[in-house]
Amino acid sequence: MQKIITLTTDHKNGLYDITNEVVSIVRLSKVKTGIVSVYARGSTAAIMIQENWDQSVQNDVITLLRNMIPSGVWEHDHQDNNGDAHLKAGLVGPSESIPIIDYNTGLSTWQNIFFCEFDGPREKREVVITIIEDH
Amino acid sequence: MQKIITLTTDHKNGLYDITNEVVSIVRLSKVKTGIVSVYARGSTAAIMIQENWDQSVQNDVITLLRNMIPSGVWEHDHQDNNGDAHLKAGLVGPSESIPIIDYNTGLSTWQNIFFCEFDGPREKREVVITIIEDH
Amino acid sequence: MQKIITLTTDHKNGLYDITNEVVSIVRLSKVKTGIVSVYARGSTAAIMIQENWDQSVQNDVITLLRNMIPSGVWEHDHQDNNGDAHLKAGLVGPSESIPIIDYNTGLSTWQNIFFCEFDGPREKREVVITIIEDH
Numbered sequence: 001m002q003k004i005i006t007l008t009t010d011h012k013n014g015l016y017d018i019t020n021e022v023v024s025i026v027r028l029s030k031v032k033t034g035i036v037s038v039y040a041r042g043s044t045a046a047i048m049i050q051e052n053w054d055q056s057v058q059n060d061v062i063t064l065l066r067n068m069i070p071s072g073v074w075e076h077d078h079q080d081n082n083g084d085a086h087l088k089a090g091l092v093g094p095s096e097s098i099p100i101i102d103y104n105t106g107l108s109t110w111q112n113i114f115f116c117e118f119d120g121p122r123e124k125r126e127v128v129i130t131i132i133e134d135h
Numbered sequence: 001m002q003k004i005i006t007l008t009t010d011h012k013n014g015l016y017d018i019t020n021e022v023v024s025i026v027r028l029s030k031v032k033t034g035i036v037s038v039y040a041r042g043s044t045a046a047i048m049i050q051e052n053w054d055q056s057v058q059n060d061v062i063t064l065l066r067n068m069i070p071s072g073v074w075e076h077d078h079q080d081n082n083g084d085a086h087l088k089a090g091l092v093g094p095s096e097s098i099p100i101i102d103y104n105t106g107l108s109t110w111q112n113i114f115f116c117e118f119d120g121p122r123e124k125r126e127v128v129i130t131i132i133e134d135h
Numbered sequence: 001m002q003k004i005i006t007l008t009t010d011h012k013n014g015l016y017d018i019t020n021e022v023v024s025i026v027r028l029s030k031v032k033t034g035i036v037s038v039y040a041r042g043s044t045a046a047i048m049i050q051e052n053w054d055q056s057v058q059n060d061v062i063t064l065l066r067n068m069i070p071s072g073v074w075e076h077d078h079q080d081n082n083g084d085a086h087l088k089a090g091l092v093g094p095s096e097s098i099p100i101i102d103y104n105t106g107l108s109t110w111q112n113i114f115f116c117e118f119d120g121p122r123e124k125r126e127v128v129i130t131i132i133e134d135h
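Note that the protein sequences, when read in sequence, are chains L, C and B. Reminder that position 124 of the first sequence reads as 124 in this note's numbering, one-by-one numbering, no gaps. Reminder that position 102 of the second sequence reads as 102 in this note's numbering, one-by-one numbering, no gaps. Reminder that position 41 of the third sequence reads as 41 in this note's numbering, one-by-one numbering, no gaps.
FYI, nobody ran anything at the bench for these hints, they're computed from the structure. Check the hints yourself; a few may be wrong.
As a list, the in silico DSBU-like pairs of lysine-lysine whose alpha-carbon atoms are at most 30 Å apart [as the list claims (entries may be wrong)]:
id, chain 1, residue 1, chain 2, residue 2
1, C, Lys32, B, Lys12
2, C, Lys124, C, Lys30
3, L, Lys32, C, Lys32
4, C, Lys124, C, Lys3
5, L, Lys12, B, Lys12
6, L, Lys32, L, Lys12
7, C, Lys32, C, Lys12
8, B, Lys32, B, Lys12
9, B, Lys32, L, Lys30
10, L, Lys30, L, Lys12
11, C, Lys30, L, Lys12
12, L, Lys124, C, Lys124
13, B, Lys32, L, Lys124
14, L, Lys3, L, Lys124
15, L, Lys32, C, Lys12
16, C, Lys32, C, Lys3
17, B, Lys124, B, Lys12
18, B, Lys124, C, Lys3
19, L, Lys32, B, Lys12
20, L, Lys3, B, Lys12
21, C, Lys3, L, Lys3
22, L, Lys3, B, Lys124
23, B, Lys124, C, Lys32
24, B, Lys124, L, Lys32
25, C, Lys124, B, Lys124
26, B, Lys3, B, Lys124
27, B, Lys32, L, Lys3
28, B, Lys12, C, Lys3
29, B, Lys30, B, Lys3
30, C, Lys32, L, Lys30
31, C, Lys12, L, Lys30
32, B, Lys32, C, Lys12
33, B, Lys12, C, Lys30
34, C, Lys3, B, Lys3
35, L, Lys12, L, Lys124
36, C, Lys124, L, Lys3
37, L, Lys12, C, Lys124
38, B, Lys124, B, Lys30
39, C, Lys32, B, Lys3
40, L, Lys30, B, Lys30
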C-alpha cells in the first residue's frame, strides 16, 4: 500500500510531526510485520526521527542546522538564494524506514516522525508512505 | 522475518558493532536477495555504517559529533540535560537499509554496522532487524 | 530484482548523478508500486538526494563537508590518512529508499540521486539497487 500525506508549512524552517498520519496508514494496511518507508518529496525538505515531548528539541534542531549551515554564503545562492536549504535537506536526508511490529510502527516512546521544512512557507508538501511486508 | 537485537552500553557516547548479529539473522532468514532494515529504537541512539579495522574511526566519530554538537547549550537541556544526544541521534538517523546479496549482507569489506549510543550507559537498547525479499 | 551500478570517480571528493541508471532499473523491474533501495558499497562513499539544476549545489556540498570535517586532524589519519572521508561517509550515510510510484521513481522535480565520493579517484565503485514491491 502507498499513500501520500500532504501538508502546509508556515515557517522558513520548521519541523512538522506526521507520526499520527503514518500510524493511521500502517493500521489501515493490516500488515503485521514489515517496514514503513517515509519519503519527503522536494530537495529542500527532509525526514527526521526526533523527540516530541515539547517544542524544545525541534527548536534546537533548527538552531543547530542554522549554526552548521549558515545562509547566504553558498555558490547556489546566486541562483535561488536557498543554498542552505538544499544542504540541510541533503544532510538530514529524505528517507527513513521504520519497522512495523504487530500492526503498529516500531517507534520507541520518544521517537516521532517529523517532516523538516527548510525553505518554507509552502502551500503543499508531499510525503510518500509505502508499506512493505516482511519475508 | 523480524528479530530484535538487545545490547547494553557502558559509555555516555559509544559505537557498538552489531554486524555479526545482523549477518546471523540474514542467514537464518534464508532470503537470497532483498534488503535488511536496521532500526535503532530510542531518540538518543542511531545506526551508522562505518569502518571497524580498529577503534580509531569510532573515536573520531565521537570527537566529530562532540565538536559539531557541544553539550549544555540547548533549549532541551533545561529538561533532560541531554539535548546534544537528541541532536546527534536525529542527524545520524536511526535507520539504514542494507542489500541482501546471495544469502549474505552486501556490506563491502570495510563496512560494519554500528549502534551509536549518545546518552548512555543504558542497560537495554533495542535494534529491530527486518528482512524483506526483493521482487 | 537487484542490479549493481558501477562507476569510475575522477576526483578526491565529488558527487556523481546516478538517477538515470536507477530509473532504468525501476522501469526494467515492471514494479508498479514499492521502493527502490540504493546502497553505496565502500566506507568512504555515500548516497545523497540533491538538486542537479547545475553544478552549484554539488560544489556547495563538498565545501560544507570540508568545512565541517577538515582533513588531517583525525586519529584514523595515522593509518590511512583518510579519516575525513570515513566521517563524511558515515554522516551522509550509504542508503536511501525511494518510493516507486506508477512504474517510476517518486523523486520530485529537483531531486536527483548522487553517489558521493570522498576518497577518490577510484577505478570502480559499486552501488547496489534493490527493487521491493509494496504490500
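Here is how each hint holds up against the structure:
1. C/Lys32 / B/Lys12: Cα-Cα ~35 Å, so violated.
2. C/Lys124 / C/Lys30: Roughly 28 Å between the alpha carbons, so the hint for C/Lys124 and C/Lys30 holds.
3. L/Lys32 / C/Lys32: Holds, at about 22 Å.
4. C/Lys124 / C/Lys3: holds, 15 Å
5. L/Lys12 / B/Lys12: Measuring from Cα to Cα gives roughly 34 Å; hence the hint is violated.
6. L/Lys32 / L/Lys12: violated, 38 Å
7. C/Lys32 / C/Lys12: violated, 38 Å
8. B/Lys32 / B/Lys12: Violated, at about 38 Å.
9. B/Lys32 / L/Lys30: holds, 20 Å
10. L/Lys30 / L/Lys12: Violated - the C-alpha atoms of L/Lys12 and L/Lys30 are around 37 Å apart, more than 30 Å.
11. C/Lys30 / L/Lys12: violated, 48 Å
12. L/Lys124 / C/Lys124: violated, 41 Å
13. B/Lys32 / L/Lys124: The given pair, whose Cα atoms are some 25 Å apart, holds under the 30 Å limit.
14. L/Lys3 / L/Lys124: With Cα atoms ~15 Å apart, L/Lys3 and L/Lys124 stay inside 30 Å; holds.
15. L/Lys32 / C/Lys12: violated, 35 Å
16. C/Lys32 / C/Lys3: holds, 18 Å
17. B/Lys124 / B/Lys12: holds, 14 Å
18. B/Lys124 / C/Lys3: The hint is violated at about 35 Å.
19. L/Lys32 / B/Lys12: Answer violated: L/Lys32 to B/Lys12 is near 45 Å, above 30 Å.
20. L/Lys3 / B/Lys12: Violated, at roughly 40 Å.
21. C/Lys3 / L/Lys3: holds, 27 Å
22. L/Lys3 / B/Lys124: violated, 38 Å
23. B/Lys124 / C/Lys32: Holds. B/Lys124 to C/Lys32 sits at ~25 Å (cutoff 30 Å).
24. B/Lys124 / L/Lys32: violated, 41 Å
25. C/Lys124 / B/Lys124: Distance of about 41 Å is beyond 30 Å: violated.
26. B/Lys3 / B/Lys124: holds, 15 Å
27. B/Lys32 / L/Lys3: The hint holds at about 14 Å.
28. B/Lys12 / C/Lys3: violated, 39 Å
29. B/Lys30 / B/Lys3: OK: B/Lys30 and B/Lys3 at ~14 Å, within 30 Å.
30. C/Lys32 / L/Lys30: holds, 26 Å
31. C/Lys12 / L/Lys30: violated, 39 Å
32. B/Lys32 / C/Lys12: violated, 45 Å
33. B/Lys12 / C/Lys30: violated, 39 Å
34. C/Lys3 / B/Lys3: With a Cα-Cα distance of about 27 Å, the restraint between C/Lys3 and B/Lys3 holds, given a limit of 30 Å.
35. L/Lys12 / L/Lys124: Holds, at roughly 14 Å.
36. C/Lys124 / L/Lys3: With a Cα-Cα distance of about 35 Å, the restraint between C/Lys124 and L/Lys3 is violated, given a limit of 30 Å.
37. L/Lys12 / C/Lys124: violated, 39 Å
38. B/Lys124 / B/Lys30: holds, 28 Å
39. C/Lys32 / B/Lys3: holds, 14 Å
40. L/Lys30 / B/Lys30: Distance of about 25 Å is within 30 Å: holds.
Taken one by one, the earlier hints fail for this structure at numbers 1, 5, 6, 7, 8, 10, 11, 12, 15, 18, 19, 20, 22, 24, 25, 28, 31, 32, 33, 36, 37, listed in ascending order.
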